[in-house]
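> Please arrange chain L on chain E, whose structure you already have, making use of the hints.
Those sequence lines, one after another, are chains E and L.
Taking the working numbering, I'd label the letters of the first sequence as residues 0 to 507.
Taking the working numbering, I'd label the letters of the second sequence as residues 7 to 361.
The hints are simulated quantities; they were obtained by calculation from the structure and are not laboratory data.
In this text the structure is predicted, and so the values were computed from the model without any measurement.
Think of the CB as a built atom: it goes at the ideal place given N, C-alpha and C, for glycine as much as any other residue.
Any given hint could be a false lead.
[To be verified] If you anchor each label on the Cβ, the simulated ranges turn out as follows:
id, chain 1, residue 1, chain 2, residue 2, range
1, L, 246, E, 91, 26 to 32 Å
2, L, 246, E, 65, 57 to 63 Å
3, E, 84, L, 339, 33 to 39 Å
4, L, 339, E, 349, 22 to 28 Å
[Claimed, not checked] Reference excerpt, derived from the structure (chain L facing chain E, CB under 10 Å, subset only):
id, residue
5, 222
6, 224
7, 225
8, 226
9, 227
10, 228
11, 231
12, 233
13, 238
14, 240
15, 242
16, 243
17, 244
18, 355
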Amino acid sequence: MDYVVEMLNIRKEFPGIVANDDITLKLKKGEIHALLGENGAGKSTLMSILFGLYQADRGQIRVNGKDVNISNPNVANELGIGMVHQHFKLVHNFTVTENIILGLEPKRGLSVDVKSAAKRVKELSEQYGLNVDPNAKIEDVSVGMQQRVEILKMLYRNADILIFDEPTAVLTPQEIEDLMKIMRNLIKEGKSIILITHKLKEIKAVADRCTVIRRGKFIGTVDVDSTTKAQMAEMMVGREVLFSVEKPDKEAGEVILKLDKVSVKSNREGVVAVKDFSLEVKEGEILGLAGVEGNGQSELVEAITGLKDIVSGKIFINGKDISNFSIRERINSGIAHIPEDRQKRGLVLDYTIGQNMVLEIYDRKPFSERGLLNHNAITEYAQQIVEDFDVRAGQGVESVARSLSGGNQQKAIVGREIELNPDLLIAVQPTRGLDVGSIEYIHSRLIEQRNRGKAILLVSLELDEVLNLSDRIAIINSGELVGIVDAKDTNENEIGLMMAGIKRGDTD
Amino acid sequence: MKQSIMKKIPKELVVSLLAVVLGLIAGALFMLFTGNNPFAGYSYLIKGGTMSIERLGNTLATASPLILTGLSIAFAFKTGLFNIGAPGQVLFGGFCATAVALSVNAPKPLLLLLSVSAAALGGALWGSVPGFLKAKFNVHEVVSSIMMNWIAYWVVYYAIPAYFKGSFLETESRKIAHQASLRVDWLTKLFDGSYINLGLFIGIIAVFVVAFILNRTVLGYELKSVGFNRHAAEYAGISVNKNIILAMMISGALAGIGGAIIYTGNAANLQIGIVPTQGFDGIAVSLLGANTPIGVLASAIFFGLLYSGKGFMNAMTNIPPEIADTIIATIIYFAATSVLIERGLDKLKRKRRGN
Chain E
0 MDYVVEMLNI RKEFPGIVAN DDITLKLKKG EIHALLGENG AGKSTLMSIL
50 FGLYQADRGQ IRVNGKDVNI SNPNVANELG IGMVHQHFKL VHNFTVTENI
100 ILGLEPKRGL SVDVKSAAKR VKELSEQYGL NVDPNAKIED VSVGMQQRVE
150 ILKMLYRNAD ILIFDEPTAV LTPQEIEDLM KIMRNLIKEG KSIILITHKL
200 KEIKAVADRC TVIRRGKFIG TVDVDSTTKA QMAEMMVGRE VLFSVEKPDK
250 EAGEVILKLD KVSVKSNREG VVAVKDFSLE VKEGEILGLA GVEGNGQSEL
300 VEAITGLKDI VSGKIFINGK DISNFSIRER INSGIAHIPE DRQKRGLVLD
350 YTIGQNMVLE IYDRKPFSER GLLNHNAITE YAQQIVEDFD VRAGQGVESV
400 ARSLSGGNQQ KAIVGREIEL NPDLLIAVQP TRGLDVGSIE YIHSRLIEQR
450 NRGKAILLVS LELDEVLNLS DRIAIINSGE LVGIVDAKDT NENEIGLMMA
500 GIKRGDTD
Chain L
7 MKQSIMKKIP KELVVSLLAV VLGLIAGALF MLFTGNNPFA GYSYLIKGGT
57 MSIERLGNTL ATASPLILTG LSIAFAFKTG LFNIGAPGQV LFGGFCATAV
107 ALSVNAPKPL LLLLSVSAAA LGGALWGSVP GFLKAKFNVH EVVSSIMMNW
157 IAYWVVYYAI PAYFKGSFLE TESRKIAHQA SLRVDWLTKL FDGSYINLGL
207 FIGIIAVFVV AFILNRTVLG YELKSVGFNR HAAEYAGISV NKNIILAMMI
257 SGALAGIGGA IIYTGNAANL QIGIVPTQGF DGIAVSLLGA NTPIGVLASA
307 IFFGLLYSGK GFMNAMTNIP PEIADTIIAT IIYFAATSVL IERGLDKLKR
357 KRRGN
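Excised from the complex, chain E in its bound form (with noise of 0.2 Å):
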């Protein structure tokens, strides 16, 4: 059998933690390999050591059976090993060819002869499908295309072996569907191709074989074929892994939650990003908020927690106008909020989880009295959270929040949101960037919430999450209010139209 790239036996330590323990990956040549494992499973250290990044202490990496040392990525590039990141490095005020050539441009006398460059670029968009435009400026061009650029940048230096991490991340399902497409026709062009992920989803659909990694140690490579989902979840949790999550029937209640023709800026100038949205969440349900990133969602969420001004329209709660009242104000009266960006928004990073526990209370008894803060109630208060949520910690509530991993982070958060016990409780992208086991576990709890008799808005680009943690799903198009679909009549191909800004029955 033909091996294109061989990983035997590779082990890498950093100071306190072995994140490769004798790891084997063997990449057939012409196969979509995918590379499964949780957060910190040790995926990316891997990944970096065939790229370049980083040097084994252990082990032995083969290229087209050849033993080869792959000191820096100039290496890695010469043996035709290239590699699309998750956060895409382009120059976002340059065009597509401009950013392709950065680094090896073709001169013609003094200047960049960009127009051949442009020429070979579109020759390469068309021999695998891309319908990419050479001229345009990645500014100008969606995410799912500033991908493609990427990808383009790879066969532009003639690499055979393309490493994708995590590609689907900040794609729309439809822009996942031909991301799927691209990579086949890279597989028929002779490409081999090795895919970080932890969805098994994509997995199922477009790779061959799958390599589980666990805490740095090797566990299997299976056919993808002949393996369930079931069984890849377990090699790479380490036990079951329930699916979807038991939610029993339940009548909506009162509402809590009351949207009167909201309109609201975009943070750019001069554009509404919400236009006379109108929207009601009952307690004892969720309300999935589908839409494609960027049409909406982040100014709706930020009206309500009044990080953002709205032009016109009432929000209340409770029956209570709270349009103007202050982003304190509106926690008190009963909103929580997990935040899209957790780093930006959801946490003070040099803080200690317990401080950051309190962020929104802690001028509240017993964790302050007359302005002197008491650290005991805090830290109590705090350690039952990292208990209850299970947050993973070197010190415990003395760890500054800097120092937890992603998963752990995001779940402190949804821990002190929860615990403030809201009667609305706004979740944003709740389990973005996490493994099965973690969005298992914030899953259960905001059902759990529901179940309590609590409203909770819920947005996410993940249609699989919307679809089955939501009651009823509101589908937002250009910030307007497409429609209301409930969860059980419904599937991902209407949804998918419906977020294209397609309305029910307009495809009949």
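Frame of chain E, contents of chain L only:
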């Protein structure tokens, strides 16, 4: 909480001490290059600041305003602001204190309370302007507070000759009465006629007050939240704008009190046309003290020693006094690049563990 602090302090202490040692080594090299004996130089430098009870008092007196300006900068740093306007706040605070000292007649304790309060208010006013501009219009505080330095400079330049002209010179105010001075007889006697004054105690009290505010109060929690991550603070409903203005006012008040110590304690009048260097030195004091109140106290005394010893070193050797300033500058340089020292330490540790 205790555990993390215990673990933190040694590392920061080591970094600061290394900065000092590196600065002293650099100074020794300068002395060698100028043909002098560094051991003699340093021994005179230290003797100059400590060899008699009077000199010791002068060292502490020199350190007193630096404690306040160091605290001022450190407080601003902790709340995410760079208060480079301390010189202006010192000057205007000192002017307010001098004005009160020269125009109010009251018993000494009351008069001192009034003049120091006036200094704090003046400094707070001078700090509040950049704070307000930052909060409302997002004007960077470095730019606006440097402007405020010059406004203070020219206000004092005009106001002293116009209202408080000295008896001989146009360029300085009248001397303040002993009754209005922070100097007290028992302290002067205790230190053999040194110009040490109550400013030292004000400084020490300020250290504890600032530490208390930052670590134990709701106010400190809010200020630090805004300083560390204003987006998260806003999300949690903490008023970012209010806290920025408040932080600049407190920082300014601290510097202003430093001004009172300089002009109504260490000195007895205010000379125009001079930007008080203690304001800028506060930056160095704060950096070397790792922006912690206790660290500021220690590093202010160290700087006080360098400043008061350099004259003696100059008198006893051929080492130019600029060398002392060069050493100070080098230490500032190492303290400011403490990240590099820290990284070096980490590397060293890792290597040792690796082998």
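> Do the numbers back the hint for residue 244 (chain L), that is, is its least Cβ distance to chain E under 10 Å?
holds (8 Å)
> Checking hints one by one. Is residue 231 (chain L) an interface residue toward chain E, by the C-beta closer than 10 Å rule?
holds (5 Å)
> Using Cβ atoms only, decide whether residue 233 (chain L) comes closer than 10 Å to chain E, and label the hint accordingly.
holds (9 Å)
> Take the shortest C-beta to C-beta distance between residue 226 (chain L) and chain E; is it under 10 Å?
holds (8 Å)
> Quick check on residue 238 (chain L) please, does its C-beta sit within 10 Å of some C-beta on chain E?
holds (5 Å)
> Answer holds if the nearest beta-carbon of chain E is closer than 10 Å to that of residue 355 (chain L); otherwise answer violated.
holds (9 Å)
> Does the nearest C-beta of chain E fall within a distance shorter than 10 Å of the C-beta of residue 242 (chain L)?
Holds, about 4 Å.
> Tell me if residue 243 (chain L) is really an interface residue toward chain E, meaning its C-beta lies closer than 10 Å to one of theirs.
Since the shortest Cβ distance to chain E is 3 Å, the answer is holds.
> Within 26 to 32 Å or not, the Cβ separation of residue 246 (chain L) and residue 91 (chain E)?
holds (28 Å)
> Taking 10 Å as the limit, does the beta-carbon of residue 222 (chain L) come near enough to a beta-carbon in chain E?
holds (6 Å)
> Return the status of the interface hint for residue 225 (chain L): holds when the least beta-carbon distance to chain E is below 10 Å, violated otherwise.
This interface hint holds because 7 Å falls under the 10 Å limit.
> Can residue 240 (chain L) be said to touch chain E, with a Cβ gap under 10 Å?
holds (7 Å)
Violated hints: none; the structure is consistent with every hint.
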